[in-house]
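Asker: Given the structure of chain A, go ahead and fit chain B onto it with the hints provided.
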Amino acid sequence: MEKQTYSRRFFLTTSSLLATFAFIPESVKAFYSNVKKLVIRPKEELRFLVTINKKKYRINADSRTTLLDLVREQLQLTGTKKGCDHGQCGACTVHVDGQRVLSCLTLAAMVQDKNVTTIEGLADGDKLHPMQQAFIECDGFQCGYCTPGQIMSAVACVNEGHTGSVEEIKEFMSGNLCRCGAYNGIVESIQKVAR
Amino acid sequence: MRPFTLSKPSTISQAVSGKNEAVRYIAGGTNLLDLMKKHISEPDALLDVTTLLSDTVQSAPKGIRIGAMVRNSVAASNSDIRSGFPLVAKAILAGASPQIRNMASMGGNLLQRTRCPYFYDITMPCNKRKPGSGCGAKDGENRMSAVVGYSEHCVAVHPSDLCIALAALDASVIVTGKDQKAIAIPFKDFHRLPGSTPEKDNNLPENAIITSIDIPANAFNKNYAYLKVRDRDSYAFALVSVAAALQLDGLRIREARLASGGVAHKPWRWYEAEQFLKGKEATQATFSQAADIVIKEIKPLSNNGFKLPMLKGAIEVALQNCLTA
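Taken in order, these protein sequences are the chains called A and B.
Numbers 10 to 204, taken from my numbering, label the letters of the first sequence in order.
Numbers 830 to 1154, taken from my numbering, label the letters of the second sequence in order.
FYI, nobody ran anything at the bench for these hints, they're computed from the structure.
It cannot be assumed that every hint is accurate.
[As the list claims (entries may be wrong)] Quick list of in silico lysine to any residue cross-link-like pairs, SDA-like style, CA-CA up to 25 Å:
(1) B:848 x A:56
(2) A:123 x B:884
(3) A:52 x B:884
(4) A:45 x A:24
(5) B:866 x A:119
(6) A:45 x B:951
Bound-form chain A, shown alone:
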């Protein structure tokens, strides 16, 4: 059997290459990061105040932060759910100044002077909001993932007065999808609260 050998030339090339990489001076590294900054835009940090569930928060966030990511990732209010993140499912529905909106398509920095209510802000201490109670009593959910969005939308639906008929409720709840198919229970819950 032939013994594997390394030539002198091989040893010299590899070790000198390794040495070069190991000792790249700081100035070269700084130059590289400057070039990177030119190619990749640096992120924009913003400081602002938001009011969520009647509580004021001082925020330091990337300009790209949506209201959904702010409440979930920074404020640990994880009741609001991320479904599609593209405004197609309604799982992220919250109220801004009493109006239901999609938090995934709202920039956090654009709600500075407004009052935001999430599902966590609905109950009065230990006492559930009537809509939350109705969802439990009428089987308004199965897996529960769409439920916070459904409840926020349902509360708004009642406030807006769109509860005249089953058809009207369905039309005005069409922005909230439920893949378990708990729709009948949801409609029933809304009718119960509207009564």
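Answerer: Same frame as chain A, but now just chain B:
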């Protein structure tokens, strides 16, 4: 999303002078943020115009002026719009979801980009998103695409419902450009046909901003209908939609308006059918003939031939519904 700066201009002139190709105005954000998340729009800066533009509806004898920042849901429930221009309210309520209507602005609605799947998928060719890359929809998945007014470069349709009603009612779009002068663009000239430049959706002058929408007073508030045919009952884009409005003298049609969504790159008016209806008696037979005139114009693509009978039926039903509105 690519990082961007966010600022809030305090005057219209400040907004317009701060705008350039790499800057976008943001109002409701319902379309823009989605496009930014998908890397279809990658602005360096956003100008928040939510407190800058008017959010009021002003009614006068010669018509109505709707501020660009009026939210879609507010417009749909405004009493002056509901009584004088109910077709507009009806069209708004046929679009999107209650949440999106609460966010979306009237001005922004006009500037929505197409929902063509090839425009939305950055791995696909699309002349509208990337000029010169080709049109994937022309011989591909074109079930939702145009049946009239398209070109070999683009077969996308305009997604708005509101715009169909505004086109039918001869609205005009008031815009302010770099020169700080307000001009009115007739609605029929606002959106464009794709031709060889499908990357341009409309004729809004470069960097200009929409400040309001004017609708002239009319007598189309009694006999009107907005019919939208879609894949599910609600919260879906139109396969075809029809805005119809009649002015009647007893059973005689004095004036007719007929426009459609889901058929072209811009809100499409059926002028020939309107002309035909004028002076005729409002009967099923007349409506059927008008629908025949409409479908003479259309040339379906490989996968949307169903739009022809669908449109014929929709036109007939919409006109019929005008009588019972």
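Asker: Now tell me if each hint is right for this structure.
Answerer: Results for each hint:
| no. | hint | result |
| --- | --- | --- |
| 1 | B:848 x A:56 | 24 Å, holds |
| 2 | A:123 x B:884 | 16 Å, holds |
| 3 | A:52 x B:884 | 32 Å, violated |
| 4 | A:45 x A:24 | 29 Å, violated |
| 5 | B:866 x A:119 | 17 Å, holds |
| 6 | A:45 x B:951 | 24 Å, holds |
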